[in-house]
Amino acid sequence: MKESLGRRIQRQYRTHLVSFAAGVLVGVMFADWLRGIVTALFVLLVLLALYFIWVYFDNLKKQ
Numbered sequence: 000m001k002e003s004l005g006r007r008i009q010r011q012y013r014t015h016l017v018s019f020a021a022g023v024l025v026g027v028m029f030a031d032w033l034r035g036i037v038t039a040l041f042v043l044l045v046l047l048a049l050y051f052i053w054v055y056f057d058n059l060k061k062q
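Numbering (numbering that gives the first Met the number 0), first residue to last: 0 to 62.
Hints listed in this document are in silico derivations from the structure and should not be mistaken for laboratory results. One or more hints might be untrue.
Below are the SDA-like pairs computed for lysine to any residue, each with C-alpha atoms no more than 20 Å apart in a straight line [stated by the list, open to error]: (1) K60 - L49; (2) K61 - Y50; (3) K61 - L49; (4) K60 - A48; (5) K1 - Q11.
Could you build all of it, start to finish, from the sequences and the hints given here?
In structure tokens form, the structure reads like this:
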């Protein structure tokens, strides 16, 4: 007998669904904190990228 699509999805993707549900739960519970942390990380990454670009072009100019 052919197993149903729902049963097959549940068997194959159970851990993915649990991880997704946990991520949604954490996202809902800590939305403000996560938004602040992600914003701070994004700003730091942009500043770091600008610094590396500045150093790279500074080294090119010195050659």
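Note to self: Could you work out which of the previously given hints the structure breaks and list their numbers from low to high?
What the structure shows: none
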